[in-house]
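A.B. asks: Make a model of the complete structure from these sequences and hints.
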Amino acid sequence: MDAIKQGQGETKEEILATTAKLRRMELVVSAVLRIGVLLSGGVILLGLVLFFAQHHGAALDDITKVPFSYQPGTIIGQVFHGSGTAIILLGLMLLILTPVSRIAVSIVTFAVEHDWRYVVITTIVLLILLTSFALGKAG
Amino acid sequence: MPHIVVLVIIILLASVVAGVVGSLLGLGGGVVVVPALSLFLHIPIQLAIGASIISVIATSSGSAATYVRDRLTNLRVGMFLEIATTLGAISGAYIATVVHGNVLFIVFAAVLLYSLYPQITRVIRERRQFAKTQTRPPGDTLIASDRIATSLALGGTFYDPAAKRQFIYGVRNVPGGFGIMYLAGIFSALLGIGGGVFKVLAMDTVMGMPIKASTATSNFMIGATAAASAGIYFLRGDVNPVIAAPVALGVIGGSYIGTRLLSRLAGSSVRLVFAVVMALIAVQMAFKGFGIGG
Chain G
1 MDAIKQGQGE
11 TKEEILATTA
21 KLRRMELVVS
31 AVLRIGVLLS
41 GGVILLGLVL
51 FFAQHHGAAL
61 DDITKVPFSY
71 QPGTIIGQVF
81 HGSGTAIILL
91 GLMLLILTPV
101 SRIAVSIVTF
111 AVEHDWRYVV
121 ITTIVLLILL
131 TSFALGKAG
Chain X
140 MPHIVVLVII
150 ILLASVVAGV
160 VGSLLGLGGG
170 VVVVPALSLF
180 LHIPIQLAIG
190 ASIISVIATS
200 SGSAATYVRD
210 RLTNLRVGMF
220 LEIATTLGAI
230 SGAYIATVVH
240 GNVLFIVFAA
250 VLLYSLYPQI
260 TRVIRERRQF
270 AKTQTRPPGD
280 TLIASDRIAT
290 SLALGGTFYD
300 PAAKRQFIYG
310 VRNVPGGFGI
320 MYLAGIFSAL
330 LGIGGGVFKV
340 LAMDTVMGMP
350 IKASTATSNF
360 MIGATAAASA
370 GIYFLRGDVN
380 PVIAAPVALG
390 VIGGSYIGTR
400 LLSRLAGSSV
410 RLVFAVVMAL
420 IAVQMAFKGF
430 GIGG
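Line by line, the protein sequences are chains G and X.
Going left to right, the first sequence walks through residues 1 to 139 as this note's numbering numbers them.
Going left to right, the second sequence walks through residues 140 to 433 as this note's numbering numbers them.
Derived from the structure by calculation, the hints contain no laboratory data.
Just so it is clear, CB atoms sit at the ideal spot from N, CA and C, and this is done for glycine as well.
A hint or two may mislead.
Covered stretches of chain X (in silico footprint by chain G; criterion: 3 or more residues with CB under 8 Å from a CB of chain G, positions within the stretch not fixed) [what the hints assert, rightly or not]:
1. 190-203
2. 212-221
Here are the simulated distance ranges between beta carbons [as the list claims (entries may be wrong)]:
3. X:LYS303 x G:ARG23: 21 to 27 Å
4. G:LEU16 x X:ARG266: 44 to 50 Å
5. G:ILE35 x X:GLN268: 23 to 29 Å
6. X:HIS181 x G:PHE80: 34 to 40 Å
7. G:ALA104 x X:HIS142: 29 to 35 Å
8. X:GLY376 x G:TRP116: 40 to 46 Å
9. G:THR131 x X:ARG266: 45 to 51 Å
10. G:GLU13 x X:GLN268: 27 to 33 Å
11. G:SER101 x X:GLN305: 40 to 46 Å
12. X:PRO300 x G:PHE80: 43 to 49 Å
13. G:ARG24 x X:PRO300: 20 to 26 Å
C.D. replies: Have a look at this one:
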């Protein structure tokens, strides 16, 4: 604490001012994450219950050997046929997309706050993330 | 092989533990999920790693929702350093084709064991201080921001209910932290686990952030790093729905418990648990490197 007061870096007051400005961002990011987790958790739970209703005597071997389709289009098609497996996969997709949406939403929020340096920083992160998705598909 | 419902329940319970440990320490929980699935339940390793990536995202999103709201997470530090971790994750995919996996596991274990010593001496020092003064040690030495950290306005603040005080802290050695974060990204892409340990070490040991802010910010970041690999694993078919579903649900529940634990524990206790889990990860990695066990 004393080091903060005497240091030539950010003063206590500057840190408090910066973090106060960040409050809206914190609430938005927190809400996006909470919605993502609750939504995907609910979908996964529903899918798991349906899966057990649809596969009574299934053994683990049957499940690890059954070829699932992991193409998002096919998964969504099967969701409408009430497939428990497809609904679980949809929930898992929503979960994977949660951190990505959090980044996308923070770019917008930083822009609203006119914090252009962090708009750039967060956009770079999103671009790197999308590049790695693309590289993964190509490889 | 147990009945499928029993199996799902066992996975669910193991994942609750993973969620508690992961959200408390800023790790993905892969340290619990991977051995539980592959060693004890004999689930094929690539499906265990696929489920572990899901557990990382679930821990991160589940606990960050709370930590960000409660300000334990330093959003600016996290978002800035995500540049390094995501770049590291991409590099990792290419390095994997050049360097032998065993070498990496051994290097990883050695670095962890090396970083263990300062952690333990800090815990001992803080406990002694507690015995002398009988006031709960904050578990942290606060420092002032250096020039680069000041220009990026990285300093942060949070209220710690366990220490009953507000922390206002500076940040130092941003380039050093950036470098370790890049390594953290490489390791998490290569090995499926371990990104979190290096993230916490980068912020706590290199950048001088309080331990609770370090684990909470690491928690926030691991989701973004893991999302990149998760997309790849998912499309490749390594995320089995019946294994990943109980993992995701268990971890979400566990992270709910873990976030409440972090606010109650003293900083030095968090550091002690972190040191113990770090040692376990190091041993696990060394075993893998020398080809013992899964």
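A.B. asks: Just tell me: holds or violated, for the beta carbon distance of G:ILE35 and X:GLN268 against 23 to 29 Å?
C.D. replies: violated, 43 Å
A.B. asks: Within the stretch 212-221 of chain X, is the number of residues with a Cβ closer than 8 Å to a Cβ of chain G three or more?
C.D. replies: holds (count 6)
A.B. asks: Should the hint that X:GLY376 and G:TRP116 are 40 to 46 Å apart at their CB atoms be regarded as holding?
C.D. replies: For G:TRP116 against X:GLY376, whose Cβ atoms are near 41 Å apart, the range 40 to 46 Å holds.
A.B. asks: 27 to 33 Å was suggested as the range; check whether the CB atoms of G:GLU13 and X:GLN268 agree with it.
C.D. replies: holds, 29 Å
A.B. asks: I want to verify a distance hint. Is the separation of the beta carbons of G:ARG24 and X:PRO300 within 20 to 26 Å?
C.D. replies: holds, 24 Å
A.B. asks: Do three or more residues of the stretch 190-203 of chain X come closer than 8 Å to chain G, measuring C-beta to C-beta?
C.D. replies: holds (count 7)
A.B. asks: Within 43 to 49 Å or not, the Cβ separation of X:PRO300 and G:PHE80?
C.D. replies: holds, 47 Å
A.B. asks: Is the hinted range of 34 to 40 Å satisfied by the C-beta distance from X:HIS181 to G:PHE80?
C.D. replies: About 35 Å separates the Cβ atoms of X:HIS181 and G:PHE80, which means 34 to 40 Å holds.
A.B. asks: Given a hint of 44 to 50 Å, does the C-beta separation of G:LEU16 and X:ARG266 actually sit inside it?
C.D. replies: violated, 31 Å
A.B. asks: I want to verify a distance hint. Is the separation of the beta carbons of G:SER101 and X:GLN305 within 40 to 46 Å?
C.D. replies: violated, 31 Å
A.B. asks: Is the gap between the beta carbons of G:ALA104 and X:HIS142 within 29 to 35 Å?
C.D. replies: violated, 42 Å
A.B. asks: G:THR131 and X:ARG266, beta-carbon distance inside 45 to 51 Å?
C.D. replies: Distance hint for G:THR131, X:ARG266 holds at roughly 46 Å.
Of the numbered hints given earlier, the model fails hints 4, 5, 7 and 11; all others are met.
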